[in-house]
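S.K.: Just so you know, the sequences run in chain order A and B.
1 is the number of the first residue of the first sequence in the working numbering; add one for each residue after it.
1001 is the number of the first residue of the second sequence in the working numbering; add one for each residue after it.
Treat the hints with caution; some may be incorrect.
[Said to hold, decoys possible] Which residues of chain A face chain B? A few of them, derived with a C-beta cut under 10 Å, are: (1) Leu-29; (2) Glu-34; (3) Lys-267; (4) Pro-325; (5) Leu-351.
[Unchecked claim] Mimicking DSBU-like on lysine-lysine, the simulated pairs with C-alpha atoms at most 35 Å apart in a straight line are: (6) Lys-82(A) <-> Lys-367(A); (7) Lys-269(A) <-> Lys-108(A); (8) Lys-135(A) <-> Lys-82(A); (9) Lys-108(A) <-> Lys-283(A); (10) Lys-82(A) <-> Lys-43(A); (11) Lys-1003(B) <-> Lys-43(A); (12) Lys-370(A) <-> Lys-84(A); (13) Lys-1009(B) <-> Lys-14(A); (14) Lys-159(A) <-> Lys-13(A); (15) Lys-295(A) <-> Lys-367(A); (16) Lys-290(A) <-> Lys-43(A); (17) Lys-288(A) <-> Lys-267(A); (18) Lys-367(A) <-> Lys-267(A); (19) Lys-13(A) <-> Lys-1009(B); (20) Lys-290(A) <-> Lys-370(A); (21) Lys-84(A) <-> Lys-354(A); (22) Lys-1003(B) <-> Lys-13(A); (23) Lys-1009(B) <-> Lys-354(A); (24) Lys-1104(B) <-> Lys-354(A); (25) Lys-269(A) <-> Lys-370(A); (26) Lys-1104(B) <-> Lys-14(A).
[Said to hold, decoys possible] Computed far set for chain B versus chain A, every beta-carbon distance over 10 Å: (27) Ala-1005; (28) Ala-1006; (29) Gly-1038; (30) Val-1041; (31) Val-1048; (32) Ser-1066; (33) Thr-1079; (34) Ala-1099; (35) Ala-1116.
If you are wondering where the hints come from, they were derived from the structure by calculation, not from laboratory data.
Since this is a predicted model, take the numbers as computed values, not measurements.
Using N, Cα and C, we set each Cβ at its ideal position, and we do this for glycine too.
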Amino acid sequence: MTENYTALYEEHKKLGASFTDFGGWQMPLKYSSELAEHHAVRKAAGLFDLSHMGEVWVSGLEAGAFLDYALVGKLSAIADGKAKYSLICNADGGIIDDLIVYRFGDEKYLVVPNAGNAPTVAVALAERAAAFNVKVEDASAITSLIAVQGPKAEAILLKLTDEAQHALVTGLLYYAFNELTVAGHNVILARTGYTGEDGFELFVANDAAASLWASVAEAGAEFGIVPCGLASRDSLRLEAGMPLYGNELSLERSPFDAGLGGVVALKSKEGDFVGRSALTAAKEAGSKRKLVGLKGLGRRAGRGHYPVLKDGAVVGEVTSGQPSPTLGYPVAMAYVDVEHAEIGTALDIDLRGKAEPFEVVALPFYKRQK
Amino acid sequence: MAKVAAELKYSAEHEWISTDGSGPSVVGVSAVAAEALGDIVYVDLPEVGSTVTAGETCGEIESTKSVSDLYSPVTGEVTEINDEAVGDPALINSDPYGAGWLFKVTVTEEGPLLSAQEYAEVNGGEL
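Only chain A is shown next, with the shape it has when bound in the complex (with noise of 0.2 Å):
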């Protein structure tokens, strides 16, 4: 159970937050209305301690060929300054998490695991690192991260910065970062996020955390700034389509499976790669379930674990479900058989006995307007 805490606690107790536990760490669930708080980075900016992320530095003369190796995708072909989205997978080709790859040169990257998971690849990646000239340092326990996210974040940015840094907050490219001074921190801004909005990450010092956080907060109040805990993450996320680790992706699901074979580098990586075989194997044979987006026609929610039926007949799975509060209707990802998983297939979900109508659609439910 909990056994973490981050730099962020004594401030989201102060907010009076209520928490959770999430991957062995104690994380505010919201502040005050997890639907407010949705809300307010659809249309404003939100505020989150993501600090129970993990952060892996790995360095040296083999980085870049030593992640090709460990991970599923080509990350040695990452720009300076540029993140990636990736896999670490297993032998057998199981998912064991998904993650993000900064590159900052060709001998330093900083890869972040999901928190549960961060141990087990910071594990992972020193024992594949063992035939390389790497480096692998764990620094999740020294590393605080906080995101702003929403169609007001940069704005928020631009009031902590000197303009003289400006443009490097302006001319930020989606996946991309800089090191940069944010309210008197040092800090690594990264544009990405986990919301389907506009939106940073801000690497920093735990020291520095409580600060910068504050900081963020008082110049953000003007534009609507609210903290936002992990209920509201989590319906931000799905109306965006994004997986979550332990809901659609898992040790028993290939990345074909979950929609992420772009991911996997069979082609252009010529090397071997940890699960290559297994994986090859896979996207040969076809996916016998497929991820997909499913509406809801009436009002009532799918969850978690909830069967998905055809005609009465069990035909797929619900991993993450509820009422959409941007657009108004239940969404649902769900592993459904891939003989019923074409866009437009009306299916029904079993709500505690009753069936429910739904429709695949396309992912993302939601998608912003640039």
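Following the hints, complete the assembly by docking chain B onto the known chain A.
M.R.: Only chain B this time, still in chain A's reference frame:
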């Protein structure tokens, strides 16, 4: 801390019931429960004219995060349901002891009920 209305009685399953004795009693869910559920988005209530039984489920309450059964604190016949709460379930969060009431029932038998004091002691509410 969530409020526990002093003038009401409560079931262990977090329903409150008014017991002023004149006419049907009013049933709702406590602020403690509404807060724990999160933002309520759907409520399924028993039909008018149906009989509810103390301690048995008589509907469902769905929040953004979960679905919970609604238990009847008493046995009796349902005489009215709160259509406004069905149409706007957020009322259950904003005013659980007032506009967010759920249904009215002619009580034939009470289930085990707690006083506000007892309920607050068990569930950490504020009188």
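S.K.: Next, verify each hint and record whether it holds.
M.R.: Evaluated hints:
Interface hint status for Leu-29(A): upheld, as the beta-carbon distance to the closest one in chain B is roughly 8 Å, under 10 Å. Interface restraint check for Glu-34(A): the shortest CB-CB distance to chain B comes to about 6 Å, inside 10 Å, so the restraint holds. A cut of 10 Å between beta carbons decides the hint on Lys-267(A): the least distance to chain B is about 41 Å, and the hint is violated. The closest approach between the C-beta of Pro-325(A) and any C-beta of chain B is roughly 7 Å, which is under the 10 Å cut-off, so the hint is satisfied.
With a cut of 10 Å, the hint placing Leu-351(A) at the interface with chain B holds, because the nearest CB-to-CB distance is about 8 Å. Taken as a hint, the Lys-82(A) and Lys-367(A) pair is honoured in the structure, with Cα atoms around 23 Å apart against an allowance of 35 Å. For the hint pairing Lys-269(A) with Lys-108(A), the CA-to-CA distance comes to about 20 Å; that is within 35 Å, so the pair holds. Only pairs whose Cα atoms come within 35 Å are accepted, and Lys-135(A) paired with Lys-82(A) is accepted, the gap being roughly 21 Å.
For the suggested pair Lys-108(A) and Lys-283(A), the alpha carbons sit about 32 Å apart, so the restraint of at most 35 Å is met. At roughly 27 Å between alpha-carbon atoms, Lys-82(A) and Lys-43(A) fall within 35 Å of each other, so this suggested pair holds. This hinted pair checks out: Lys-1003(B) and Lys-43(A) have alpha carbons roughly 31 Å apart, not beyond 35 Å. Restraint check for Lys-370(A) and Lys-84(A): satisfied, since their Cα atoms lie roughly 21 Å apart, inside the 35 Å limit.
Among the hinted pairs, Lys-1009(B) with Lys-14(A) is consistent with the structure: their alpha-carbon atoms are about 32 Å apart, no more than 35 Å. With a C-alpha separation of about 26 Å, the suggested pair Lys-159(A) and Lys-13(A) falls inside the 35 Å cut-off, and the hint holds. Distance check on the hinted pair: Lys-295(A) and Lys-367(A) sit about 15 Å apart at the alpha-carbon level, within 35 Å; holds. Proposed proximity of Lys-290(A) and Lys-43(A) is supported: the alpha carbons are some 32 Å apart, at most 35 Å.
Proposed proximity of Lys-288(A) and Lys-267(A) is supported: the alpha carbons are some 23 Å apart, at most 35 Å. The straight-line distance between the Cα atoms of Lys-367(A) and Lys-267(A) is roughly 30 Å, inside the 35 Å bound, and the hint therefore holds. Our distance criterion of 35 Å between C-alpha atoms is met by Lys-13(A) and Lys-1009(B), whose separation comes to about 31 Å. Under the criterion of a C-alpha separation no larger than 35 Å, the hint pairing Lys-290(A) with Lys-370(A) is consistent with the structure, at around 29 Å.
Among the hinted pairs, Lys-84(A) with Lys-354(A) is inconsistent with the structure: their alpha-carbon atoms are about 42 Å apart, more than 35 Å. With a C-alpha separation of about 20 Å, the suggested pair Lys-1003(B) and Lys-13(A) falls inside the 35 Å cut-off, and the hint holds. For a cut-off of 35 Å, the pair hint linking Lys-1009(B) to Lys-354(A) stands: about 32 Å separates their Cα positions. Among the hinted pairs, Lys-1104(B) with Lys-354(A) is consistent with the structure: their alpha-carbon atoms are about 26 Å apart, no more than 35 Å.
The suggested pairing of Lys-269(A) with Lys-370(A) holds, with an alpha-carbon distance near 34 Å, which does not exceed 35 Å. Restraint check: the Cα-Cα separation between Lys-1104(B) and Lys-14(A) comes to about 40 Å, which exceeds 35 Å; the hinted pair is violated. With a cut of 10 Å on Cβ distances, Ala-1005(B) stays outside the contact zone with chain A, its closest approach being about 21 Å. Every Cβ of chain A is farther than 10 Å from the Cβ of Ala-1006(B); the closest lies at roughly 24 Å, confirming the non-interface assignment.
Interface exclusion of Gly-1038(B) from chain A breaks down, the closest Cβ pair being 6 Å apart, not more than 10 Å. Its closest Cβ contact with chain A, about 5 Å, brings Val-1041(B) to no more than 10 Å, contrary to its assignment away from the interface. For Val-1048(B), the non-interface assignment is confirmed: its Cβ lies about 20 Å from the closest Cβ of chain A, beyond the 10 Å cut-off. A Cβ of chain A approaches the Cβ of Ser-1066(B) within 10 Å, the least distance being about 7 Å, so the stated non-interface status is violated.
The claim that Thr-1079(B) is not at the interface with chain A holds, since no C-beta of that chain comes within 10 Å of its own (minimum 25 Å). Annotated as non-interface, Ala-1099(B) keeps its C-beta farther than 10 Å from every C-beta of chain A; the closest such distance is 17 Å. A cut-off of 10 Å between C-beta atoms confirms that Ala-1116(B) is not in contact with chain A; the least separation is 23 Å.
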